[in-house]
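Novice: Below, each chain spelled out in residue letters.
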Amino acid sequence: MSRTLSRRALLGTALGAATAPVLTSCFRGTGGGGGSSSFGQALAGNVPDKYKKRTVSVMWMPWSNQKSTLDKFISDFNDSQQDVYAQILYIQDYQTVNDKLAAALQAKKVPDIAGLGSNQWWRFMLDETLEPLDGHFSGNFDASKFYKVFLTEGQVNNKTFWMPWGRSTPMTYYNKDIFHKAGLPDRAPKTFTEFRDWGKQLKGLKAKGQQIKLTAFNAKNPTWLFNNPAWSFGGHFSEGLNVTVDDPGVIAAAKYESDLIHSDGVAYGSQTNGDDFTNGLTAVNFASTAGLTAVLQTAKFDVGTGFEPGDKLQKVPTGGGGLSILRGISDERKQAAAKLLEFLYAPERVAAFSVASGYIPCTMAATNTDTIQKLWKNDPRYKTASDQLKNAQFEDLLWRIMPLTSRDMDKSMQKIYSDASASPADEMKALAEKVKQQESSYKKKYEKVSTSA
Amino acid sequence: MTATLTQDATGRQEPPRRRKRSHRAHGDPTQPGVVGTVVGAILLVVTAGVILVPVLWLISAAFKPNSEIYEWPIEWIPSKATMQNFITAWESAPLARFFFNSLILVIVGTTVKTSLAVFSAFAFVFLEFPGKKYVFLLVLGVLMVPNNVTLVINYITISDLGLVNTYAGILLPGIASAFGTFLLRQHFMGLEREVFEAAEVDGAGAVRQLFSFAIPLARPAVVTVALLGAIDEWNSYIWPLIVVNSDQMRTVSLGLQFLKVTDGLQQWGPIMAGTLMIMIPVLLLFLFAQKSITTGFVGAATK
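Chains A and B are the protein sequences, given in the same order.
Residue numbers for the first sequence, in the numbering used here: 15 to 467.
Residue numbers for the second sequence, in the numbering used here: 8 to 310.
In isolation and in its complexed conformation, chain B is listed as follows (with noise of 0.2 Å):
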């Protein structure tokens, strides 16, 4: 591996790299050693075990009869293993309808976070508008202002425009993601302008430039922002929490409160089981896509 030539778009070539010379006489410098490796991999190995013991906690209990769940030592397989709990949290709420609801505001929430991030990250990035830099540092400031400051205030604006427990009521608040706008941003400045300039020689519109080329360029960083935005979605709790009036609106996050007791002891074994109902569904969402959002984080920070 000396010295490689590399061409880019436009068809100009780079000088060569010169390596430096390494100190060892041997072996790559740039990989770890015997020692390194194992080092390395106990930190891995503690690191996975602090975040997977309690989910393997969680999935033992919710497989165990209440008396059984705070046993010591720990069964990790149950003995008296029992599908209880989950019938019992499945009665205790309607929970289909919660899934439903939940559904419903992940699927159209997330089409309208991502698109209104996409057409604005666009527009901070390609297009020439008064006012620009006023504008994205207002969108920067949205980001510091924490949820919990607005509560009050936007129930009362929802409260007004008659959409307290409707789905519009649950959604509106959080619909434009500042997030989202401001990672698609950064990736949309990383992307290559030489492209855009071309395209628009050729007579393409701002339009045709957003969809033909900008999408598919920075697709890992759309498919992240549409992924975190429909696990947010799934996970909100505090808004739906003041918002929804009623049981046929609940959401899935707001459902699980449903298995918990006012005073006295918590039936543990319902709770983990109906937790664990919950959790699934976005696991799967995440194992599929994984790989999308490592690149998309990835890509935005070395572009």
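Bound conformation, chain A alone (with noise of 0.2 Å):
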């Protein structure tokens, strides 16, 4: 019939006519979507006229809720030079930035800097995607400003790969009020012993009509500020490349955490930990130093700060993120971004960054600017971050370059911390069992890199 063979004839034509840009896109895609061997790259806009002259920069950063900040020092960079064109992409939070990262590898089609989560960049540094810094340094932009604990951890085999920027470490947070009706000193705890002393006094205290209680874990994800009580309890976490939470020392501070909830009835797990806080159902909190704005603005009561408490070692995480160059792109495109950070890595920018967004500022420079002395001068509390540094040290290494055992961690923590009946020696035998099965590609892997870096 006339009407179906007009129809077939149609549909013959516009299947082959889909086919057409399907195919091509299939050849480009095996030819590497850029001519040569570099990536291309991926624009967080249109480049402006009167900019197009320039090498564009494309940053892609976590730190979205500091957009007025960081726009600002864009527009500057923009402003002081000739030669590049600067543009930031912000991204909610360390993983979709990893997500959205690893998606653009695939395509080829990736921006120059990326601001990766201390538990993100060793993904993209196993894959060797990161490039060596040490031969971009110049001016602000060099090894020798920053902080040492915060610099060795981004440092492979003698080489530089990521930067420290938005850095933190935890620290503890109390609430003077509840102290001061316990009779408890105006500090923070020195030791978990007394720390667990502590809760006893504050029986018959109550808030809002509840017992207040001495604190409330961070239940949802507990392993970052697991690393304090395990350290300080003669345990790690892994030993090179070794895991290790089945050593006596991290039970023990399981143990420790757990008789607090379902012994002595002074602490809880909670998915609300700073708010419980803020609304003074707990003493004290143990959390990041890059909330203390927060907390101070939405506290009622007078807070304090001091360093997390330590029975035979006093250590903290770094935790936050830093900045990588991506290694597939060109060198011009490289030197770009090395301009780019240089300009970024000011004392005076550094030391904004870090009033505006809690972070410890990552620089010696910044630390001395005016801007840094004048806070501390006004709110001791904020000097406590920088102070705590001395205790810094970064986490131990399968939990830095294995995704996995953070939330694997999370989750045999959570169950200590609502289960009275899990047992925490159970608990981390079970988790390194888990660990072993999943370590052996990332060792591989890491003993490539670490040795060819």
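Please note that the accuracy of each hint is not assured.
[As the list claims (entries may be wrong)] DSSO-like, lysine-lysine: derived pairs with alpha carbons at most 27 Å apart:
(1) A:Lys81 to A:Lys204
(2) B:Lys87 to A:Lys222
(3) A:Lys86 to A:Lys159
(4) A:Lys425 to A:Lys404
(5) A:Lys220 to A:Lys314
(6) A:Lys234 to B:Lys87
(7) A:Lys162 to A:Lys222
(8) A:Lys122 to A:Lys459
(9) A:Lys173 to A:Lys195
(10) A:Lys314 to B:Lys267
(11) A:Lys162 to A:Lys404
(12) A:Lys220 to B:Lys87
(13) A:Lys448 to A:Lys459
(14) A:Lys458 to A:Lys443
(15) A:Lys217 to A:Lys195
(16) A:Lys329 to A:Lys404
(17) A:Lys190 to A:Lys397
(18) B:Lys87 to A:Lys397
(19) A:Lys329 to A:Lys190
(20) A:Lys66 to A:Lys81
(21) A:Lys190 to A:Lys458
(22) A:Lys425 to B:Lys87
(23) A:Lys81 to B:Lys267
(24) B:Lys87 to A:Lys314
(25) A:Lys397 to A:Lys159
(26) A:Lys204 to A:Lys162
(27) B:Lys87 to A:Lys86
These are calculated hints, taken from the structure and not from any lab test.
Bear in mind the structure is a predicted one, so any value in this text is a computation, not a measurement.
Dock chain to chain to rebuild the complex, using the hints, since each chain is given by itself in its own frame.
Specialist: In structure tokens form, the structure reads like this:
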């Protein structure tokens, strides 16, 4: 029938027309989307005409709530020189930067600089997609300017791959009003033994009709904070490439927290431990130094800050994020990125970002600026984080290079917090087994990268 | 209500129905008694509560200053009501641009999605072509593939086509809705065949049959597919997250993330206010068209 023939003809031509672009994209894909061996660029928006002659440098930053501060840095940079035009894409958190960057690397269209979390950058390091930065140092963008503990975390085989930017550690926040009522000294607890004793002194004190608790442990992401008690009790999550969460030290730390909850009844696990603290329900909170401004604004009581406790050792983990340059981009783009970083690491900018965001100023020069010194003079609580740096060390190796160890430990700790019958020893042994099952490919890659980097 | 005579479209009469004798001495056995009504009412109130209370909390929190949000007992009507959260949310990010982008995407996306679903469903039901069964099984197969599996592959394809960070790039992978095709196919299958046969005898081509008969008769289902497509497009998050690389092209669901803090305490006031601003268009859309959606689902089942 003429009707069916014409429909068939129509379908045939339509199908032919549709496959053409798909086939060309297939061939372009295997060709490597950008001509030569270097990656294409993931632009973060149209380039205005007046900047069209410049090299474009794209930064992916996970600190989207610092948009106004960072936007000003970028526009100042663009105005201050003629060669590079910088763009920022704001992404809400480290995990999303991780996902987007992984997809971008597959599609071979990447940004120039990426802001990577302390637990994220090793993924890209192990896949050898990060540029060694030492050859690009100049001016403020130089290894010697940074605090050693932050800098060495980003170094492999004495080469630098990841520079500090928004770094933090946890610290102790305490409710001065509750401490005063309970007759406790006006300071953070120095040891875990002392901390446990103080819990007993809170008996009988109430807030909003409930018995005030000593502390609420972060049950959402307990792992980072758990480093402090684990190290304090003489344990390590891993030593070199061997998982050691089933060591007596770590188990003792887990048992300590479990006892506080289930034996003493003075603590509990909470998804909203920060909010519980600012509502006066707990006397002490362990949380990132980056939250200080928000806590001071929300709490209706006098807030005190101090170092996290320690019995055998008083150590805190580093956290937050830093910046890396991608390896697969052209040399021209790498130089442009280095120029941008040199501008950003000027002391007054590092200081301005620190004050606005709550992160610790990561260079010595930034700490010495008027901005920071004035802030500390007005409110010495802001100084606690920088003072505590002498106790800071980066997380154990397997917890940095393997992406799922933190998540698995989160689950184990959540079980310990919520279930009185869960044995810390059994949970840690099961966790060690799990890590051992996953570790081989990471170990291989690490051995390759750490020797050849 | 005893025997009734019913006539269908062709004028044949059906034999009268017989009613079974009821065991009750009085009252209609198909209606619940007093106890049944009360229990039913309680269940409805509880269910409504479970669904509505978080929404009411969100509305209440959007108008409270940050320090009041976690107050216990909950103050449902804030004593220090403030519009500051809305102002903060609006200023933290170019929400107007995000709304505009989402609007474009929803309008274009819904139109194309619905058209594709209508045309393909019509073809599956009313047209004969070789391999029809296998093509339909393929469409059903699409329904079973979870989104996450295809994310990276789609990204590579869209990137090679040069469509990253464009409206086309955001819309294309999701534009063919297997669910829409399936729903409309079921609906079309329930329509009276005689109408279409009569139309064909009168000389109506396939296109005429589609536009003059199928769509008007299945209007609730078409509206349902359009509405679900619109809501889906408005709320879509994972794909735009991967494929959008600039603030200019962000959608409203991504824009909300600007208000969250990476390390530290969240500012819940502006986050709640932003969420409320994003919820309202969808709520309004649903309110206007809820009747069509429910008839659309029910119609497909009973026919």
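Novice: Are the hints correct? Go through all of them and say.
Specialist: Evaluation of the provided hints:
no., hint, in the structure
1, A:Lys81 to A:Lys204, "violated (38 Å)"
2, B:Lys87 to A:Lys222, "holds (20 Å)"
3, A:Lys86 to A:Lys159, "holds (23 Å)"
4, A:Lys425 to A:Lys404, "violated (30 Å)"
5, A:Lys220 to A:Lys314, "holds (16 Å)"
6, A:Lys234 to B:Lys87, "violated (31 Å)"
7, A:Lys162 to A:Lys222, "violated (45 Å)"
8, A:Lys122 to A:Lys459, "holds (22 Å)"
9, A:Lys173 to A:Lys195, "violated (52 Å)"
10, A:Lys314 to B:Lys267, "holds (23 Å)"
11, A:Lys162 to A:Lys404, "holds (10 Å)"
12, A:Lys220 to B:Lys87, "holds (26 Å)"
13, A:Lys448 to A:Lys459, "holds (19 Å)"
14, A:Lys458 to A:Lys443, "holds (23 Å)"
15, A:Lys217 to A:Lys195, "holds (11 Å)"
16, A:Lys329 to A:Lys404, "holds (9 Å)"
17, A:Lys190 to A:Lys397, "holds (18 Å)"
18, B:Lys87 to A:Lys397, "violated (34 Å)"
19, A:Lys329 to A:Lys190, "holds (24 Å)"
20, A:Lys66 to A:Lys81, "holds (24 Å)"
21, A:Lys190 to A:Lys458, "violated (50 Å)"
22, A:Lys425 to B:Lys87, "violated (39 Å)"
23, A:Lys81 to B:Lys267, "holds (12 Å)"
24, B:Lys87 to A:Lys314, "holds (15 Å)"
25, A:Lys397 to A:Lys159, "holds (19 Å)"
26, A:Lys204 to A:Lys162, "holds (25 Å)"
27, B:Lys87 to A:Lys86, "violated (34 Å)"
Of the numbered hints stated above, those contradicted by the structure are hints 1, 4, 6, 7, 9, 18, 21, 22 and 27, listed in ascending order.
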